[in-house]
Each structure stands twice: as structure tokens, then as C-alpha cells.
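Chains as they are written, first to last, in this note's numbering: chain A, 1 to 505; chain B, 506 to 1010; chain C, 1011 to 1176; chain D, 1177 to 1342.
You may find that some hints are simply not true.
[Claimed, not checked] Simulated pairs of lysine to any residue, SDA-like, Cα-Cα distance not exceeding 20 Å:
# : chain 1 : residue 1 : chain 2 : residue 2
1 : B       : 835       : A       : 334
2 : B       : 578       : B       : 605
3 : A       : 333       : B       : 840
4 : B       : 948       : B       : 677
5 : A       : 333       : B       : 813
6 : C       : 1111      : C       : 1130
[Stated by the list, open to error] Cβ-to-Cβ under 8 Å is the rule here; a few derived chain C residues that face chain B:
#  : residue
7  : 1049
8  : 1053
9  : 1059
10 : 1128
11 : 1131
Since the hints were made in silico from the structure, they are not lab data.
Please read all numbers here as calculations on a predicted model, not as lab measurements.
For every residue, glycine included, the Cβ atom is placed at its ideal position computed from N, Cα and C.
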Amino acid sequence: MTFTKVLIANRGEIAMRILRACRELGIKTVAVYSEPDRNAMHVRYAEEAYLLGPAPSNESYLRADKIIEIAKKSEAGAIHPGYGFLSENADFAQACEDEGITFIGPKPEAIAKMGDKGVARATVKAAGVPVVPGTETEEKLSDEDLLKLAPDVGFPLLIKATAGGGGKGMRQVNDLEEMPAALESARRESLAAFGDDNVYLEKMIIGARHIEIQVLGDNEGNIIHLGERECSIQRRHQKLVEESPSPFINEDEEFRQKMGAIAVQAAQAVDYVNAGTIEFLVDKDKNFYFLEMNTRLQVEHPVTEYVTGVDIVKEQIRIARGRQLGYTQKDVKMNGWAIECRINAEDPYNNFLPSTGIIQFSSLPTGPGVRVDTGVYLGFNISPYYDSLISKLIVWGETRGQAILRMRRALEEYRLVGVVTNIPFHQSLMEQHRFIAGNFDTKFVEERFSIEKAEEGKETNPEIAAILATLVAHQQTERAAHIIQRGKRDTSNWKWVGRWERMHR
Amino acid sequence: MTFTKVLIANRGEIAMRILRACRELGIKTVAVYSEPDRNAMHVRYAEEAYLLGPAPSNESYLRADKIIEIAKKSEAGAIHPGYGFLSENADFAQACEDEGITFIGPKPEAIAKMGDKGVARATVKAAGVPVVPGTETEEKLSDEDLLKLAPDVGFPLLIKATAGGGGKGMRQVNDLEEMPAALESARRESLAAFGDDNVYLEKMIIGARHIEIQVLGDNEGNIIHLGERECSIQRRHQKLVEESPSPFINEDEEFRQKMGAIAVQAAQAVDYVNAGTIEFLVDKDKNFYFLEMNTRLQVEHPVTEYVTGVDIVKEQIRIARGRQLGYTQKDVKMNGWAIECRINAEDPYNNFLPSTGIIQFSSLPTGPGVRVDTGVYLGFNISPYYDSLISKLIVWGETRGQAILRMRRALEEYRLVGVVTNIPFHQSLMEQHRFIAGNFDTKFVEERFSIEKAEEGKETNPEIAAILATLVAHQQTERAAHIIQRGKRDTSNWKWVGRWERMHR
Amino acid sequence: MKYITTVGEKEYKIEILGDGKVSVDGVEYTVDFEPVSGQPVFTMLVDGRSYEATIHQEEDDDWIVLLHGHRYTANVEDEREKRLRAAAGIGVDDSGEFILKAPMPGLVVKVPVSEGDEIKQGDVLVILESMKMQNELKSPRDGVVSRVLVKDGESIEQKTEMVHIE
Amino acid sequence: MKYITTVGEKEYKIEILGDGKVSVDGVEYTVDFEPVSGQPVFTMLVDGRSYEATIHQEEDDDWIVLLHGHRYTANVEDEREKRLRAAAGIGVDDSGEFILKAPMPGLVVKVPVSEGDEIKQGDVLVILESMKMQNELKSPRDGVVSRVLVKDGESIEQKTEMVHIE
């Protein structure tokens, strides 16, 4: 448990996040990378860096064997898996343990139990945690069984893959007739994605919010929670905006502590150690149901860090080093309001189609109350191999209103050229009345929000845009004409380019 | 008092700071600029921007008449002066008032009283605030008078300009014999700098710290303080590092409240409105003496913002709009620890000689607990016309130790090419034992700290530097050889440059 | 120089008069226009109003202007060129073929249309998996599927032609 | 290619062998060296160790390498050139004149030395005000002031010759 060097088995912004925590703790770092990531920030930031293999994840960031080999070769005493990739792979956690390498996360058993959604539901239910009503069994159910059980669960319902995550292998079913086809496609998708076609049924909670509780547990059995995160702003089960506290809970401290206590119970049910998140669905009447547990660091952990002041990644490392939790439940206080926008390479005007390309210009928002977590830089290639997350823009304000106003300011400052981003989506959302009022559920973005509609009536300035484009085009034409007599060319406006070019020849 | 548009009579990082606050409050903004600042961030960020004149301050940022004219023309209802330039000019504040424009700051009378150091000392002393022992009079004293009074004040002492600031017209005198020459040069310097050769004497407090208290007052006479800032890390009376809380006060809440209460008294003595700072000298035995009051926003205000959560600039604007203070003294709580490093264009290896040049590359530190306030950008020209402040790097940590470690991490991440910076100075300081122990006074940097000495024994890597330089030089040579056959040139490494060049032709 | 610049549905006749003067549909403006340090960032002051925009050119030669959080697509044409082109009868061809090309490399999950299908605007032509997401690529107009060039499970490069619509 | 590279007092014989191989004073290293996106930023991996540095060339042709918070000044010379230069007896001239030039534009506040003065290393030659600061410009070595070309109160441009030391 006493390690002084950590291997970070991840890439992008989360690798940078973990590297920074290690740096601040005086811990040495080892990066791993795929071929296209040779120049990535995490490779340059770490003290050591080793190639894993080609771009596809299963030839690089999913190569558990190679990662463990590199950890041993570089004498890294611990591995931080980040999120995604190997982070919820019980076999990998076990393999680390077998090799005497500390896995910075929970025990393999806890990962395995929470990884099988059926087992997870049964386990937490036994511990007294309410679950979404559904098929209550750990066994594999045939289509026949499921068709028989469906009316008891009630429609509409969801078919879900027991090995699932990220919305894969999930189908909404409105009546019995739709069931057979939906079962078939859900099983097919699940098999393709997870190598397992087992599914179960869950009742659809109408108008539900997705609210999750961050927990931390140490090796001595102390488990605390760090309050909630509101994650209902999602699209196709992909979270887009998260905040802490939840506007639905806000000042209802009693409800917060009730959810928190239940979350701690769920974690205790699997002897949970390190950082984890219990996701709940919450209905209008403040009934809440266990959805699943993420046995790893979440993308959206910074909003909790901002309001509690707890550095979750440093705390993960301390726990993995065998230390007691640095906090008791009483120490944890929420202060102000934090919001995170996920800045993705996706076109909000075109069905959120992912975009690829090289970052030609980037200027990050700064100033008071703004945090940016990112792994991209000028010249970085947003490739189709990995997810479309460019950066996380997180702001803090004394109140939710101030946080929203600050987020608007920060979004406006953000400049990115070379790839299409969803920044305009976030800008529209931050001006949307229902969002500002905190009045939304998990279907909000899909059913009630349209960027085109949100932008209707918004003041635009096509004439100014036309003048700007014309001036740039004009200048380009002029330059093309001048380029023959290079020595003489206009130096006033283009002085800098000239300097820049000289510098790089 | 009800304004919806603010003119920002400043440039650089502080103009950006104020613009951001206005943006977050939904207030329209007007920027002013000198010729070389045409492309500056504050010009691009504001909704409106108007030229003041050529580079020298007295032809641009000090042109009170022109600034007021622009405010009237653009219908800005208020002017924020930032710091420096016209911020402590009582005539300017009065001129604004006369024109019906809200000056975002204190009343002209308060500025005038605190601007004359002799009057200020007498005023606060009458209000029961301890002042550094010295010549206690508001009248002008001749050399003869001063030579007579000097032995009573005691040696060593300081000759100070009553109109002074920033260390100008200040001389240390160790005995009576040195007095006449020191008086002459102090008067000469003061006359040149402030158009006034009046001076006074102050006893030197040995081993003193510079600790200041931030205050806020509204139009209804409510005045509160936001705790202290430690500013002892300075060189030639220029602050380099500031923090809040002060390691000298730390958990002595009683002492903090005592200093705070005295600071509030000093502010009350001049019916102070808006944000201001009372500077104290504090000796080893926790005796403290009024030094001066800065009747404006301070460069180092962000450390207070980080630990109290109060947005000082927004609060300034609210007060100027006639609102009551948003906080009572009881609401103000300090949480964690914040440190600011001033990143200056100065060479720490060469007597802090200022450096000028164009920013050829800039990469700011980001991630948790880091704030950067800056007005420079890629291509910006650091000119000799204005001060050498490139940016302010501010970090927050749960404890002072964590803040120092985070500052080290952030300094290491900061990349700036094109101008020499004092980043290595800050890096050495953050590793210096006495600094880490919080054991320093205002003479620390000048008398006890040497970057060369601090770097002795530090692990360096000249061989790696040699390899890197050689490879870059080699590549440059190769490229020079290739440039004739342009079409064929190596595209692997230099692909990006090619793209970039095409883009800009 | 005279230009015809189209933003959205609207056409502007813009003339660069020199000395910072620009005329738009006959109205003259004084503009203070500057590129910022060789970056694709531009600043323009018009009557004291400050505009900062990032501007870059797409592969189809359109200019993308990001201004105050709004994205504009601008087509800039030299007036003379445009006149010549119009005279030659080039352009303005709405009846032609539409070719759906892969906007990024990826895996074809499904092609829900077949050759000969009649389709409506908005119908899904291909489901392409990329960046760990399944993306529905839709038809921009009504028509008939004339060719299908990819099949389920196929890995394709960017710009691969996938479906033709007539 | 063979180079002689000097960092501080130390000289390194560096040979670029190609294929990512470099030899330093006869010891061979495998280096994975890459410029980062056309910026003055470079990344190098040697035996798994990762080094990121910003590198740029000064006007006097020295290279400034900022690596892990330390600033190195490196002089890189082609071995052949150096040999030729040494044979011709150029360079290594410590006895010559030192000329203090203004490192930035500014106002001469004071010139505390006069022609003919004997001075020591570290003596202040000129006080120059710039960026709202008074800066003391000191002599890098002992000598005699042979010329003073500026006077108190004078505004000067960058690189103006101010004082000669012999």
C-alpha cells in the first residue's frame, strides 16, 4: 500500500486530472499511450511514458496485460484506471492485486457485484435500499420468463442489459406486443457490446430525475457521502450537464441526508472502499430508487469538489495508500453551487453528429470561479477512436443563479476552431427558462429542448458576420496576389505570421 | 446610481477582471484603449471600445477629460477605474460626480484624505488607530524641522513622500549624518514623481510584516472586513506573492478580528464607501501600525475572493448601484488557503530586469483550484509603456501546504515563450524552507533570498537540454536545406506547420 | 472589390472601398478590422461597437463565422465571378444527385434503406458508429435511393460514399 | 551530423545518427523526439523518461531551453564550422570592448559613471526607467569606461549603445 509511483491507465482529460493530483502529492507518474496519442498532454506531463499499441482501444488502453507489464517494469506501485476502459473491470483489479500492485479503486469483488446489474439490485435491496421495481432475481431469465413477468412490472418498462452501461442494450417498451422485438434487439446489442446477452426488466419512472450520491470509503470501513449531483440533463443516456447541489433538493437538507445515508448503506452492502457513486432515479414525490453504482471516479466529480472543497482524486490516492478518510460526515459541508458543461466534439445543429479534426485555435475561459479540465491543445487531433469529450467546463457561484450567469460568461469566452462543438447547445440551455427554474427531468433534452427553437428570436447579426467573412476572404485574395513578390508583402497586419513562419523554418 | 452600462478606465488583466464581473451581472461595457492596445483582450471583450490616444499613459489612460467625454457619448452611467492610472485621483472622482457619472469607488473626499499620507495618519490616529511612530503633523515640515524631530522618532527611520506610493520618494536613514543627503534625494524624487516635495518621517519597524485588511462599505454606513492578506513577499516595495490568510495570524481568530475591527475604524474615519484596503505593519509581538489605505481595488484581491467566496468586484458594482452590502460581518468566513504569484516580465536571474517582446507561445495552467487572471494572449506585445504584470496565478488549497504544492504544480505547467518571466523565482520561492514555514518579513526577498542560491544543488539536466537544443537546431538546418524543394519537403513532423501556413495565406 | 456574400437566406452586396470603408447594400460603414496575431481570430470596431469572431474556411469554401456564441455560414463570391458563373448556367442545381459521404471514419451499424426506396427528408440513411456513439445520418431531402455502397458491419474511412439519392 | 553543444560551462559532443539514435560524448541513446503541433514546444522520450521543453532561439543564436522549470542556454555548433572558426582564430576574445546596449526602450534616469572611470564587475553603469520601474544596469566585468553615449533624462530606443567598457 505504500507506493510512490502511480501508473495512469487512461488518456485525455481524466489522465491529466489524475496526473495533477499525483504531482500535488509528490508522487511520480507513469503514462501509457496509444500510437496517435504520442504527443498527448498526458504523455508530456508524466515523468515516464510507454507505448501500448495502435489506436483501437482493445489494442491499447484495454490491454490489461501490457499495462501490468509496464507497471512492473517501471516499478509503479499502483495503477489508477480513471473512468471507462479498465476502470470497472474486476479481472483487471484482481490481476493488479495478484501482482502486488495497488489498484486505486474498490476491491474486485465489489466491482463484480455492482457490475452485474441483477446482482447489484438484489444486493442493495437486501441491504434495505429501494430499487426501481422490476424483475427481482439474480438468475438469467429467458424471453418466455420475461414476457410472463412484464405485466407485473407494468408498462412502460425498460429492458436493460445486466452487463450494461451507457444506454447500450437498453430498450423502452410501451406494451406487451412490442416486447419480443425489443428483447431480441436489446440482447443482440448487449451481446455485441459486452459479450453477454442477459437482460432484466425495470419499470419506467415517469418524470424522473437522475440524482447521484458521491461516496468515499476507507480500508477501515468508514464510508461517508459528499452530497448529491444532479445529472438529469442528458441525451441518449449521455450526461451533458451536471450540477451540485441538485435544484430539486437544494435546501431540503433532511432529504439530502436521507439519500446520503441510503447511498452509504448501498456501499456498505459490498464493503465498498475508495470513491464510488450511487445513481438514483427520483420521482416528483421524492421517492428515490437505486439505479446502479459506478465503482470508479465519475466524469462529473469536479462539481462535488467545487462545493465541498474535497479533492476526490487525492482522497482516492490517500485511501489506496491505506490512510483513514480525511473527513468525517460532519466535516462535509456544501458551499455555493457548481455546474459542469461537457464540451463535446458534436454538432448541436445536426443531430449531435460527432466531429473530428485538428484543433487550429483554442482559447480557454479563465478568471474567477472557472475550472477547465482538458487533455486537448492547439494541434491536437480529435480522432474517431475515442470519445468526443474535448473538455469539462466547471464554474462555481455563490448561488445557482450566479453559477448559471458565470457559465454563460465562460461559454462565451471559450474559443475553439478546427472541430465543431456543442458550446452553442450549452449556451442555449443556460438561457432556457425551464433549465433556469430547475424544472426538468431526464427526458428534458430529448423531448422539450430544441436548439433551433431556443435560438428563435435571439438577436443575431448576419450583416456583421457577412462583413467579417468578406473582409477575411478579401484579405486572402489580396495575399494570394501578393505572394509572388514575397519580399515586399504587406507587413502591417501580417507581421506576426511572418515572424511565426520564420521561427518555424 | 442606477446604471446599466459601465466604462472601464483601465487595461490589462484588471480591465478583463472588471469586464467579466459586468458580464456576469448583465451590465453593458465600454472599453477604452491606447494605440498599441488596439487588439488587446479588453478591447475585444467589451461591447464597445474607443481610442484614447498614443501609448504613453498621460496621453491615453490618464486622460480624465477624454474618458469622461467617452462615457457621456456612449451613455455609460458609471466608470470603474481599476487600480493604478486614475483610480486614486480625487479630482477624477469629483469630475465624474459633477457629470452625473457614478464613480465605482469611494467619495472624492475619502480619496483625498487617504491620498495625503500625513493627513491620513492624523485622521486615523484621531479615530484611535495606531500608526507607525513618526512626525505627527499635517503641516509641511522644513529640513530643519525634520532634522530636529528625527532623534525623537529614532533611528533607523524612513523618509517618505506625503504624496507617495510604490516606494517612490522613500529613503532609509540609519543615523543623523545621513539625513541631509537623504532628505534632498527623497524630495527630488518625490517632486519628479508626484509634483510635490513634501516628506515626513516614520520609524523603521524591524522584522515587520506587511499585512493588509480588505474592507467593504456601503452607502448606508455599513462597513465590514474580509479578513487579511499577507503581502510581505516583496522586492523594492513591489509585492510579488500574496496570500490569505496570513501564516502569521493563521488560527489566531481573536487577533484577526482585532485587526479587522481597527481597519473598519480607519475606514469609518473617512466615511468610506466601496472596496478599500488598510495596510498595516505588524511586528513580531503582534503590535500593528497603520501604514496607509488604498482607496481602490487591489491587484491581490483574488486571494480574498478565493477564501471568503465573496466576489469583490461584483460587490463594488452593487454598492455603486446603491445596494446594501450583501453580507454582514458574521456571514464572512474564511475557508482554506489561497496564494497569488504575480507573473511579471522580469528576469529573476538578472536583477529582475524587465523584459519586453511578443508572446510567441502561451499555455496556462488549468485544473482544480487554479485561477489565472490575465490580459495577454498569443501574439500580444509586452511593451515598455505599461507595467510588467503578465498575469496573476492564484491557487486555492484546503491548507497552506496544499496551496503551496498546488502552486508548484501550476507554475510548472505554465508555458510562456517570447518574453522572460519571473516564474523560476516563484518556483524557487515555493521550495524555500523559510517561505514554507511562513517565516519571513518584508525584507526577506531582498536580504535572505537568492534564486542562484536556491537553485544550488537542485537537480538539473544539462545533458537533456543539450540533446534537445541540438535536435531542434539540427531540424532547422535540415529544413533550411529542404526549403528549396518546397513541394517535396518532409511532411511528417511539420505537417501542422504546413497546414497552418496554408490557412493563413 | 465587390462581393456578393450570402448568410443564411440573405444576400449582401459588399464593396471594399479601402481606407477602412466598406459599403453594404449601398450603405457606407467605417470599419476598423484587424486579424489578431495570425490566429483565426479577428476583431472589428464599427461605430464603437466591438466584434470579435473566429473565422475559418470549410473545405467547400464557405466561411464559418463564430460571433457572440452564434455560428454563421457565409458564402463570399466575387461579383464578377458570380456573374460569369450565372451566365454559364453553372450552379443552382437542386435536381441533381445527393451523395451521402461518411463525415468521419467509423463502423456501419445499419443501412435501413435499399436501392429503389422512396425516401423523405429526415429519413435515416445510415447508422454509423464512431467516437463510441451511434450516429443517425439522415437525408437532407426527398428522393429515391439510387445506390447503396456500404453494408452493415463494414469499417469505412472518412468521406467514403455511402448512399446516393436522386 | 556532428555538433558541439555548450550548456553552461559544459561541452557535449553530440552526433545525430538517424533512426532516432543520438550519441552524446560517445554514448548512444534512442530518442523519440517530436515537435508539438508547430509550436515552440517539443517532447522527447528517452528510455521511457518523458521530457517536455519549450525551445526558442535568441537573437544571438543561442537556444533557450525551458525544461522542468529550469532555464538552460545552449550554444549549438556544427563541428566542422567550429573547427574552421578555431583555425582562423576567431572567437575567444575576452579582452575586447564591452558595449552596454539598452535592453528595452526607456528613460535614462542616471549615468553614475564618466569616461575614464575605473569600474569593477557589478558596478552600476546606467539607471534606466522602463515599465514603471527603475532598473540598474551593471557592468559584467572590470574595466575602464571608454565612452558614455547617453545622458540623464534622455529617452532612448531599444539597443541604443549607452556605455563602452574597455
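Hints, one by one, checked against the model:
no.: 1; hint: B/835 to A/334; in the structure: holds, 18 Å
no.: 2; hint: B/578 to B/605; in the structure: holds, 13 Å
no.: 3; hint: A/333 to B/840; in the structure: holds, 11 Å
no.: 4; hint: B/948 to B/677; in the structure: holds, 13 Å
no.: 5; hint: A/333 to B/813; in the structure: holds, 15 Å
no.: 6; hint: C/1111 to C/1130; in the structure: holds, 18 Å
no.: 7; hint: 1049; in the structure: holds, 6 Å
no.: 8; hint: 1053; in the structure: holds, 5 Å
no.: 9; hint: 1059; in the structure: holds, 6 Å
no.: 10; hint: 1128; in the structure: violated, 42 Å
no.: 11; hint: 1131; in the structure: violated, 34 Å
Taken one by one, the earlier hints fail for this structure at numbers 10 and 11, listed in ascending order.
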